[in-house]
Amino acid sequence: MNITVNGDELEVRSPGLTSLLRVLRDELDVVGPKAGCEAGGCGACTVLVDGAPRRSCLTAVAAIDGAEVTTVEGLGAADDLSPVQQAFVHYYAAQCGFCTPGMVVAATHYLDSGGSDDRKEIQEALRGHVCRCTGYVKIIEAVAAARGGNFDLTTTAEGGYTTVMTGDAK
Amino acid sequence: MKAVGARLPRYDGVGHVTGQTTYVDDFRVHGMLWAKALRSPVHHAAITKLDTSRAEAVPGVHAVVTHTDVPQLEYGHLSGLGIPADEPLLAKDEVRYMGQPIALVAAEDLEAATAGVAAIEIEYEERPTLWDVREAFDSDAAVVHRWGNWYPHFEDEMDRRQIRKGDIQKAFEDADHIIQGVYRPAAIEHVPMETQVSMVVPESDGRLTIHSCTQAMYFSLGVISAHLQVPLNKLKIVGGTVGGGFGGKVDTASETITALAAMKAGRPVKWRWTREEEFLASSTRAPWHMEIIDAVTSDGWILGRKMLTLHDSGAYARFSPYGLTKHSFHHTGAYTIPHLHFDGYVVFTNRVPTTAMRGFGVTSVSFAVETHMSRIVDELGLDPYEFRLKNANRIHDTSPNRISYTDPSTVDVLQSIAGATGHDLAPAYAAATREPREGEWLPDHLVDQISTEGH
Ligand code: FES
Ligand code: FES
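Going line by line, the protein sequences match chains C and X.
The numbering of the first sequence is numbering that gives the first Met the number 0, which starts it at 0 and goes up by one.
The numbering of the second sequence is numbering that gives the first Met the number 0, which starts it at 0 and goes up by one.
None of these hints come from the bench; they were simulated from the model.
We put the beta carbon where it would ideally sit given N, CA and C, even for glycine.
There could be a bad hint or two in this list.
[Stated by the list, open to error] One-sided and incomplete, this derived list gives chain C residues near chain X with beta-carbon spacing under 7 Å:
1) Cys36
2) Ala43
3) Ala62
4) Ile63
5) Ala77
6) Val88
7) Ala93
8) Cys95
9) Cys98
10) Thr99
11) Thr133
12) Tyr135
13) Val136
14) Lys137
[To be verified] Computed footprint of chain C on chain X, listed as stretches where at least three residues anywhere in the stretch have a Cβ under 8 Å from a Cβ of chain C:
15) 10-18
16) 418-428
[What the hints assert, rightly or not] Sample of chain X residues lacking proximity to chain C, with all beta carbon distances greater than 10 Å (derived):
17) Ala84
18) Leu339
19) Val361
20) Val410
Sequences and hints are given; from them, build the entire structure.
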């Protein structure tokens, strides 16, 4: 079997019924997707399979032979953050960060498929993604703001990141 | 003061959003074994047989550890404070809660480890169980702990945390109303998104490197060192990234047992709990049973409070005596009450051991106190803000344990909430301040409550 992960075509040797999450984490060393429950209940393992969000813990790898998989690592890097990633940093939408890989992937898909900044719709889109730290408010704010894409992260003199508003989002 | 008022980004925010933050489960090392635990399937039982020989023979299994492998089987979380230990690292001749670890099997992969666990021969003789802290408190309840159902080792070997202040008898004689209530918040599971996990690597220089999701690295280090009887300079703990803890990761839940297996196997071992194990066997916030009886005047002064608290410790003591102590210090809430009679007990049941969670010991009593304040307001037809403002802590009031308050915020908080919710306060209450009591704010019963000492 082969799958393409974040642009790299890779051979899979694990048995076909191995979950995509285990293949990514244990065989291919792509550890962004997290194992929060391995039972479909938390969303931390969410990745895009041919552009659609899937719970990788419930996806047998044989079922997606040949597919394109995008994990949080494939959405942007530290020096090239996507709008959703920037917004999550800016709005403090990640506390412990364990739910974040799944949240960022799901939010990216929501916005890429034309999702609005309506709070209720965002809530609906992120249903089944459990976060125990933030209480969700900041996550929803971040996704709404990412719709506008009106802020930017720049590097400070000390080498840390700071966020600089470039638009008129609050 | 660059940080005050500035919008500082999280130092780890970029790592979190790019998937680059490494949690314990993201670490892999060459030759690493996977561990699986044998956990008690029953709530309370004697272990009448424990034989691991068949498990050791399962292909792929490298080590099976049980109580016989632990150099110091019992080491209490509060042993450092001189409080005796009651909890074995791995169950020996009895299990006291469902999910209690009995053995850990380290194997080439999880399948082999699971097969190893299934091959352990074990027999139980079930015993009666206790679920409710109030029932467990009764003198005729079945005894579920070798110390009895009440933790007996408070100072001077007392079986309770006790506070006596003022003259409770007189407070009740002087009261116009006696108002009582019972408050029973339930257990809460922390549900961190990252389940308990640790990985221990035996290094070639004889040290152990311990990757842990603990919230309390140095604390865990002490616990591991004591159980394993390994000096601290042989242990290196790597932590700092916690996938949610909320108090539930202060107990050293997995790393000591993982270390034991790694030492026995001579190989790195990782033990990651499933979500089911996390729900079943990880500690929770305690259920509490709190009874409050207040002596109150018709115009809304609280003269005295009698309180009984039962803190459900679950099967073992862990930090509960400490949590109850904090609880006792806060049993008047944000208010000053001169005459107090508080008895608090740490009570054992067959629940999972309970532990810290966000405001350990204090959230329960705050809930009970504020609910009770509302009950008094309802029963006497008082204004909820004015009743609270009247009794609110002020500078130089004293706490139940005679700490003189220097920076109480109750008055300001209540006035702000009244303002924000559009609640009109009578002029005297709108003008109240937290400054030391005088005049109408200093009724006779509070005169000897004022102290500038003891803070
Ligand atoms: S790990 Fe897949 S949904 Fe929780
Ligand atoms: S940030 Fe911790 S679970 Fe969401």
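Checklist entry - Hints broken by the structure, by number, lowest first? => result Of the numbered hints, 3, 4, 11, 12, 13, 14, 16 do not hold.
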